[in-house]
Each structure stands twice: as structure tokens, then as C-alpha cells.
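> Take the sequences, apply the hints, and build the full model.
So the protein sequences, as listed, match chains A and B. Just so you know, the first sequence maps onto residues 1 to 406 in our numbering. Just so you know, the second sequence maps onto residues 1001 to 1406 in our numbering.
Be aware that a few hints might be false.
[As the list claims (entries may be wrong)] Short derived list, chain B residues pointing at chain A, Cβ under 8 Å:
{"id": "1", "residue": "L1016"}
{"id": "2", "residue": "L1050"}
{"id": "3", "residue": "E1065"}
{"id": "4", "residue": "Q1086"}
[Said to hold, decoys possible] Listed next, with one range per pair, are the computed distances between beta-carbon atoms:
{"id": "5", "chain 1": "A", "residue 1": "A324", "chain 2": "B", "residue 2": "M1091", "range": "42 to 52 Å"}
{"id": "6", "chain 1": "A", "residue 1": "S377", "chain 2": "B", "residue 2": "S1107", "range": "50 to 60 Å"}
{"id": "7", "chain 1": "B", "residue 1": "G1089", "chain 2": "A", "residue 2": "V335", "range": "39 to 49 Å"}
{"id": "8", "chain 1": "B", "residue 1": "E1031", "chain 2": "A", "residue 2": "F280", "range": "44 to 54 Å"}
{"id": "9", "chain 1": "B", "residue 1": "E1127", "chain 2": "A", "residue 2": "R320", "range": "31 to 41 Å"}
{"id": "10", "chain 1": "B", "residue 1": "D1056", "chain 2": "A", "residue 2": "A405", "range": "40 to 50 Å"}
{"id": "11", "chain 1": "A", "residue 1": "S377", "chain 2": "B", "residue 2": "E1127", "range": "50 to 60 Å"}
{"id": "12", "chain 1": "A", "residue 1": "N15", "chain 2": "B", "residue 2": "V1290", "range": "31 to 41 Å"}
In case anyone wonders, no lab produced these hints; they're calculated from the structure. Just so it is clear, CB atoms sit at the ideal spot from N, CA and C, and this is done for glycine as well.
Each chain, letter by letter, is given below.
Protein chains: 2
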Amino acid sequence: MARIVMKFGGTSVGNLERIRHVAKRVQSEVERGNEVAVVVSAMSGVTNQLVDYVNDSANLFDLREYDVVVSSGEQVTAGLLAVVLQDRGVMARSWLGWQLPLRTDDSHGSARIKQIEVAEITRRMAEGQVAVVAGFQGVDSQGRITTLGRGGSDTSAVALAAALQAQRCDIYTDVDGVYTTDPRSVAKARKLDKITYEEMLEMASQGARVLQTRAVEAAMNHRVRVQVLSSFEELPGTLVVDEDEIMEQQVVSGIAYSRDEAKITLVKVPDRPGVAAGIFGPLAEASINVDMIVQNVSAEGGKTDLTFTVPKADLAAAVRALEARKGELGAAEIVSDSNVVKVSVIGVGMRSHAGVALSMFQALAGKGINIQVISTSEIKVSVLIAEEYTELALRSLHTAYGLDAD
Amino acid sequence: MARIVMKFGGTSVGNLERIRHVAKRVQSEVERGNEVAVVVSAMSGVTNQLVDYVNDSANLFDLREYDVVVSSGEQVTAGLLAVVLQDRGVMARSWLGWQLPLRTDDSHGSARIKQIEVAEITRRMAEGQVAVVAGFQGVDSQGRITTLGRGGSDTSAVALAAALQAQRCDIYTDVDGVYTTDPRSVAKARKLDKITYEEMLEMASQGARVLQTRAVEAAMNHRVRVQVLSSFEELPGTLVVDEDEIMEQQVVSGIAYSRDEAKITLVKVPDRPGVAAGIFGPLAEASINVDMIVQNVSAEGGKTDLTFTVPKADLAAAVRALEARKGELGAAEIVSDSNVVKVSVIGVGMRSHAGVALSMFQALAGKGINIQVISTSEIKVSVLIAEEYTELALRSLHTAYGLDAD
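Laid out in C-alpha cells, this is it:
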């Protein structure tokens, strides 16, 4: 007997037939003698529709009201799954964020979980009642509904698993696990049996969409064993675990990529103290996240080129903010390029293996792919390349690091 | 300065454009210096969709979960209207049933309001903030969401007006008031400036769909001045008020009709004590409401025919329940007819005027319309006739009682 949390995303509960299928899987876990809490997303498409309503209502809106509107999707799914479970003879009831309560701070639209009250559901789960919890939502100290930001249901599930001290948090999704890289781009991609929290965190933040970054962070912080698996097929998925649970660690575990980046270069800015602050200050004010940053060594005349990346969606705003200060910054030119992709190789094995970055550069050079920007962290090497080389780069790196399936 | 409650139904908030229009009308009231609470329904079609989801999920379902699902529609509208009001510079916030809280009993699916906490919204309304209240929903003593039954937003609005001691409760709808009869059937139908609670109650329960019966009851019990008016046109509507506010009371104020009835006749049942109980017991067990009942005087052999009406939707179930006991009841035959309509003339003036029923019978006889069943109350006479005569009957009664517009 174990206590487990099962989380089903929007496509897994996209219509009644799929909700019935979810109920069947939940029932299997109950019949195995497990105590089960289920976290559900809104039916696929519903949240987008609700977000559109709010966006179409006003240019600037009260995020507290946004949360009232968009949280309704998960409410519907939770009620329906409870009905379908009861119809199968499984004891169940729905729980909304304010009913548990799942307490958050008051950062509406992207609230952070402070505490989850689980005494009542723990008692009921022990009696065999399934707790069907609406994901993505909580309640602030004023009793107003909050939401956790897009993909927040993953975070709800992991936090609930932590609060329940669950043995496992199973994230059911439309892929059957975490792959060495995107199988749609690389035919030889392999499903990983296990991956470490740190690697999963880098995979998620570098573009792999299988788990939300915050959910992985929460899992890592509370040491929740997360499993990513398919809601459509009965296959084992990928376990996200502590490093010491993985016997033979590959040097590189996976390769992620993100098309969401755009590159900006400030040409010939004066190479003097304070110039970086002068550039990034205005971007921070405009709430634009800067990711990779490269500054060349000063060329002749004390001038340098400065290149960095921003989210593609923020490119126009970033260029606007910088053009407004172009004279002040002393830049000769502001050049931008959105036809770029960031490719990252990730693996905790890098810590103990030298030459990982070198292999990457060699593999890409061998295919004639020019590297525009490089950034590294302890367990990751990222490069920015022209977008047209995405698949070629992924395939050659996948082979170079010995990740190809047989 | 007055304190008012405005209620907008599903068609009035059917899309964003209409919600913007609603916001404009709310703003006008605020700018007149009024303290305003607004009660909203779900966008038209949304509640039906949600009810369908639940009905398709299971044959028998937990009404507590039904309430979780169907209450989400009003939640969305409340949030959106608050956003749109704020966008117009009007202070506003949404309130869900559990947030006020609006406390109900635990009859999920058709809960009754017990008490509404209004201290906080009263304070905010005094400061100029509009309270946008999700209609149709409340919370039970266990903290679970309840709904008030179809059309319950009218009841929410009236109950809120009573709790707020509001000067007026304006029900905005897709018709511009209460008419002497259905204007789609009778071209000469007139809009009433005023109608009494008692008449409105009979009109609502006899088929006029402009206001929900329970809402009228609540208004009558708490002496809430209700106005029914159009959300699309800027016209005065119909005031529902105390009898003493109406100076010259017509004998008949309105004519309602309902096509939702079906007639059942038990032919030649023994005319002995207990036979009515034997017939209506099984129907009550099957939760079927019986409306009009006529028992003929005993013919030869101590046998009588017994006729009554049931909701058309329950006809098959009613006949099934009776057929199962046919032998026991001693009926020779069970005959049913769903091609009937109930036409009712309504007016508090009847109390002091004789001959109202007679005028009705004469008018119908004059057109060759056969009356199948008659029932009367203090301020109402209803007859059951063949459905094909509906419009003819309405028109001739409308003329006979002097209700025609010039």
C-alpha cells in the first residue's frame, strides 16, 4: 500500500471519454490498495478560451479577477471526474483550492504555494475516498482565488505530494516519458528510465515541455519522486529522482532546444564600466528576461559588441526600449535576429567529465554549423545557432554523446 | 441616492460585447450616485453545456459535484464584468457565493438561501465599489458549493436586495417588462407598468417565463420592489409591487399559458375512499408533480373517471407508474393526451369581482373551444384546452377582459 498523487493534464481530460479513461486508471490504483489523490487540469483548450476572454475584456486587468475567471476550468474537470469515479463505484469527492485550502501568496496570476492543509483529505483517503483536486488554483490570505501560472497544475501535484508525504507523484501526460531529446526531431531519441532533478530542471528550463520548471524545483526541494508517464498507454514512464538513485550516470543525459529565443546585438558600444547596467536596466524595467549574454573583448578604439538573447515574444519591446536610449548607450547599431535556436546538452556527469563542451563544438563544426553565442552552467552547455540547423544539430549531438537508440 | 441591485441574465451577458453594454448601464447607475450590487448569470448556453457534461458523465450523479461543475459559469461572468467595469474606471470586484458568503441549506441542485452576509460589500458599496455577485450559487454548512436551481440568479438578486435593504431590484432581461400576455402570440398584448406580487407569482407559476417563481416569492416575502426591464433598450419596465401601490386595479391583469402540461385520465375507477391516494401515491414516489385534478361525480355502478395533469416531461414515467398498478386501482383504462395547453387568467381584482370565470367560459365557448379541465384559486382561473387553440384562446380572452392595446 502506498499513498500516491496522480496528475492529469489538459489533453488527458480533454473530453468525457478521456475523463472516463482517467477514472479507470485511478480505479486501478485504488484497487491496488493505494490511497490516491488526483490533480486535474482544465479540459484542453478551455484555459486558453478563458484567458482570451480576459485579454479581450481590457488591455490592463485586475489579476485577481483574471484568476476568478481562469480557475473555473479546473473546477469543472474536478467535479466531472468525481462524478465519473463515483459512477464506477469509487468513492471520490472534488476539492477546490479554497476548500482544502491550498494557501498561496497574493501574486495573482503566478502565485506561489505557501501551505496545503491535508488533514481532512488524508483522513478520507485512508477511508478509501479519492481526493480529486482542482489543479492550478489556490486561495490568498484575503480569501480570493489565486492561480499558479500556466502549467501550474504540475506544481499543484508535486506540492500536494510533498504535503501528503506521498510515495510517488505520477504526472500523466500526452508523451510517455522524458526523452534524450525531442523524438519528433530525432528518430533515435530514447526514453530515459530515470533522470535527476537537476537535469530535469535544466531540460525544462531549456525548452523541454514535458514538466513545468517550478514543478521540478518543488520536487527537488521536497524530494518528491516524480514519474512522467503516458495517460494513453500503460507503459512505465520516466522517474525523476535523486542523483544517488541512478547507478550509471551518462555524461550527457539529454539534449533540449528552444525556439523561443531571439538575439540582439549592440554594435560598437563604448567598453567602459556601467555600460552593461545601462543596457539591461531598461530591459529589466520592461520586465524582459535576458538569457544568454556575450561581450566581446574590446576591439580597437575601446568599443565592443554586446550580444544577448531575450524571449522571442519580447523582441519588439526590447528593441524599442533600447532604440530609445541608443544615443545615451553610444551604440553604433542595434541588430536583432529571431531566426535562432538555443540547443543545450545537459547532464550531471559533466561535473566529473572534462571535454563535454569541446565535443559539442566539434560535432557542430563537423556539420558546418556556426555557433553564435555560448553559455554554460555546471551541468549544461548551451549554444545559439541558426534556426534552420535545429534538427541537424540535435541529431549530430545525439550521436556524438552516444545517446542513440539501438 | 439609492442602494440598488441589478441582475443580468444569460442573454444579457452572452458575449463580451454584451458584457460591455451591461457595464455601461451599471456605470450609469453609479454615476447617478447609487450604491450598486450586480448579480450575473452564466453566459447564455454555458450552463446548458455544463449540465450536459454532468448528464453525459453518469446516469445518477452526486448533486454536490453537479453544483461544483455548473456553478463555474457564473464565476466566469462575474470576473469578466468586474474586469470590464474596472476598465471603464468603475471600482468593482467579483464575489462568489462562498466568498460573501451566501449561505444555503444543503439541498444541492436546488438549494434554498438561508442567509447572506453583506457587511463587507455594504461597506465597500458605500465607498463606491460595485459588488459583482455570481448568481445562482451559494455555499452549504459544510463549505461545499450549492446552486439554487435553474433560473436561480433571479432569486439570488432578490435575496441580495432584501439583505441589502435595497430600494430596488432591477431584473434586466431580453424582454422589456411583464405583458398582459405573450406578445408573440397576441399582437395586442400590452406591457404592464405595475403588477402585484400575487399576480406576478401566478403569472410565473402558470407559465410566464419572465421571472422565476421562487424569486417572486422571495420578493413578496421581503417586500422587495422588483423591476423587470430590457437590458437592450433604455425603457421603463414593469414594477412588481404591493397591491396598495396600484391605484386602479384591473379585474384581470394578465393571461398566462403553459404548454408543459399533459393530461391523464383513469377511466372507470371504483368510487370509494382511498382511491385518490392509491393513484397519487405512486406518482409522488416517482417525484411527479400533479397539477390540475378533476373527479367526476360517480356514474352508474359506483365508477368514476379521474383526470389530472402532470408535466409533459414526466408523462411517460407517470403512465408507467400507473400501468404497473392498473389492476390494483381497478381502472378500466388509462388514457393520456399531451396535446393540451393550460390557459390561466390572473388578477387580484377577482377577489372583489364575481363572474370572472363565467366570462372566460363564455369567451371560449364563443369560439367553439372545449374546456377539458378547470381549476381555480383566489386570483386565478385555469382551463385545459386542446393545444391547437392556444393563440385563438389567448386573443379572445385578451379582448374579453379589456386588455387589448389601443
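> Sort out which numbered hints this structure fails and list those numbers smallest first.
Hint check: 5 fails alone, others pass.
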